[in-house]
Amino acid sequence: MASDMSVTRPCVLCVDDEPRILFALKALLRSQYEVLTANDGESALGIMRSRPINVLISDQRMPNMTGVEVLRQAKEIQPQAIRLLLTGYSDLNAIIASINEGEIFRFINKPWINAELRAIVAQAVSAAGIEQLLPTDLANSAIDDRQADGAPRPADARPHAIPVPPSGAGVLLLDHNAQERDELLTALGRDWPVHTASTFEECVALLEANHVGVLVTEMMIGSDSVTSLLGALRQHQPTLVAIVITASADAGQAMQLINHGQIYRLLQKPLKQGVARGTVAVAMRRYDVLSQRPEQVQRLAAAPPPAPEVAVLEKRGLLARIRQLVLR
Amino acid sequence: MTLRSAVVFAAIVLALGVLGFLLRATLSADAGVGVHQLRLNQLTTVASEQAALRAAVLASQVAPGIDSERLVGYAKQLSAARAGLAKGDGALTRMSPTIDDALRVYFAQSQTQIEKLNEYLRGLTQFTRAEQVFDQAGAAAVQRRAMTASAFTILQKQVRDYYAAPSGTAAKELTRSLARIDTDARELSADDRRKALQDLGAAAIAALTSHDALAPQSAALLAVPVAGSLQTLQSAYAAHYQILLARSERSRLALVIYTVALLFAFGLVGLRLRQGYGELDRVNAELQKANVGLEKEVELRTGDLRKALEDLQMQQAQLIQSEKMASLGQMVAGVAHEINTPLGYARSNLGVVRESLPMLADALRTYDETISVLRAPDTRNVAEREAALQAFDQQREAWNPEEGVTEFGALLDDSEHGFDQISELVMALKDFSRVDRSRTELFNVNEGVETALKICQNQFKGRLEVEKDFAEVDSILCAPSQLNQVFVNILNNAGQAIEGAGTITLRTRQRDDLVEVAIRDDGCGMDEATLQHVFEPFFTTKPIGQGTGLGMSIVFRIVEDHGGRIEIDSKPGKGTEFRILLPRNSGSAETAAAETEAA
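Here the protein sequences come in this chain order: A and B.
So the first sequence is numbered by our numbering: it starts at 737 and just counts up by one.
So the second sequence is numbered by our numbering: it starts at 146 and just counts up by one.
The set of hints was computed from the structure by calculation and includes no laboratory data.
Since the model is a prediction, treat every value here as computed from it, not as a measurement.
Cβ atoms here follow ideal geometry from the backbone N, Cα and C, with glycine treated the same way.
Check the hints yourself; a few may be wrong.
[Unchecked claim] Covered by chain B, according to a simulated footprint, are these stretches of chain A (three or more residues, beta-carbon under 8 Å):
#	stretch
1	759-767
2	839-847
3	1009-1023
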């Protein structure tokens, strides 16, 4: 009977240098999942190389290998697996790295609430159940990575590369600073149709009127954090891929951007044109996949934004418009 | 400056000297007025005495009765008056060459006059004697009746007239009378009478002869030009006095002119001075105005400066505060992680246990039901018992109480351990802050280093090896919370200096009266330039925004306030050792605590 369950039940791998955390997670999750534990990053990656897992939960602060490093390598070994960062405290750099390099699904704060953790793990498991599709060129590069690793990749974890024709979608720049906006415009304008907005209202209006695949936005628009807008967009228009640029983010904001906005990248200023172009190119291919295979968005499901932030948008009349947006 | 005042002083002395000289010249003429009067009087006296003598001489010729005694008296008075001209207050000598010459001439003539006078006096004496002889002869003649008394009286009168006017009728009459006497005498027979008469005639002729002899003598005497030379002297003196007077007048004039000039000069100086003072007043007023303006300006500037200083102090205080907050924030973040981990599993475990309680309750209920079925006296049927037992087995299958309770124990053990961890950390925090203790107390640095290490532990965990080499050291009187901050700051720096794995060595030693705390890392070390600035406020090697650059300056201040010092050994690439040397009793610990608190 136990062997039956191991086949059917999703597998969750927990990494922490504190064994009591692992024991607690196991006690919490083992009724629903097969729970594997590792005391450090190396042994966790070893497990991942030997067998497929659905969800990886990693601590950030660990000796020898940080959580971000574990997540980054785990993404290469098993891109299919959903990654969660469980942390008591992390500096901003670690969080940004975990977004951009670890492409994590959620941040979970220690101490966690059992019900919430269960819910997040459940979401993650369901997202992991969606077969990951990558555009052809991305898949190729992933295969190259694997060859470089020299380690065998579990067959069922390999993402399926699909040929994706470019959708011809445009880029929307949202920044109240005209100079920075213009710099980005020159950087991106050659490769994609670029629309520019300096307020939420303009942004929503442009989304209504144009075919937009990637939203590149400054973290702060005037005095408003873009988190609420991104949360609402993610909730109702999940195919839109968001890149956030910031000069001074704090850890809390970054966590919100992931947990409620599922942003694709968080870039820090000063931003080089090449980095901007490369990031937008990758984001655009991701959009192409998402728009042609809508079920893929489940892998990027975000938690609903907190009520007060939604209320702000509602007051400005933006929420209704976002709901009715039809992304072409 | 001194040269100028010397010149001014000399000019004033010169001006006053000239004034004094002129004044004296003017006054000298005035002072001579009395002497001048005396001299004039003397000259007048001499002239009058001279005139009196001359008159007496003339009278003596006419009136033979005048005796020579009187003439001598006059002569003596004249001599006395003359002596006054040569000697005494009113002397005219040594006044001017002209006067001296005149005086010499005059005195020579006076001498001549005296000689002539003496000759004249001798003649006069002879004459007087002849006269007496005449008179006696007349009386004898009358007695002898050679001649009548009346005839003799007439003869006498004729002789006297002749004296008064020797020429003219008197002489003719006298000649006739004498001829008659002579005739008469021849006529007389008596010898005695004739003789008497002849004697009388002879006496008369003798008297007339001596009288005639006087005339050239008196003429010689009167011919001495004393009056003229006196006149010359007088005029010489007068001329001299005129010159003196003129000179005095001239000096008076000069004095007046000089005085006027001086007054004018003083006036000019006064005017210049007045103008100078006016200018000075004006300048002074301007200066005063400028001064007031300046004071206002200075006040304004001072206000600005004070404000700037206050701002600066406030900013510094804010910076120190923000550094405190930053390191506090860093510390809190680290501690939060340290607390969140045990809190995480402790809470989760409790949740799991609680969630499992319904299953425990279910199990107990199943057990109860099973037992009650088995115990029933009228045991129903086998099927019912079987059913009960099957339900029991199912229950155990679903949730094994033994396993569950064992797990509960493990979970609760972990929770307990987590809470212990948390309380230990909280205790360390409390030790670190010392908020519940007095500010200054006896403190063992070994404990302080341990506490600080606990605070910093999360930074080092897994990455860094910490070696402790603690010796028995004296407790020191200090502000423990501040020293803890020192240890934490240096430990943090040491941890940041090491990239990747490394070792931090903590050593405490007793060094005579000093307690030494050494914190060594084998990190990147510091170069000479960094070492020189390491305690300077706002000096930082961290990227902008990651450090205020105040941490080490706060360390330095705290140690200095405790009367201690810090030694640093550092080599780039090799590592750094901080040695904190603290005296056993830093008298200023209390004030140090207060000051740092205030800052």
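A quick look at each hint next to the structure:
1. Coverage of the stretch 759-767 of chain A by chain B holds in this model, with 5 residues showing a Cβ closer than 8 Å to a Cβ of that chain against a need of three.
2. Requiring three or more residues with a Cβ within less than 8 Å of a Cβ of chain B, the coverage given for the stretch 839-847 of chain A holds, as 3 such residues are present.
3. Only when three residues or more bring their CB closer than 8 Å to a CB of chain B does the claim for the stretch 1009-1023 of chain A stand; here the count is 0, and the claim is violated.
Going through the hint list in order, the structure does not satisfy hint 3, though it satisfies all others.
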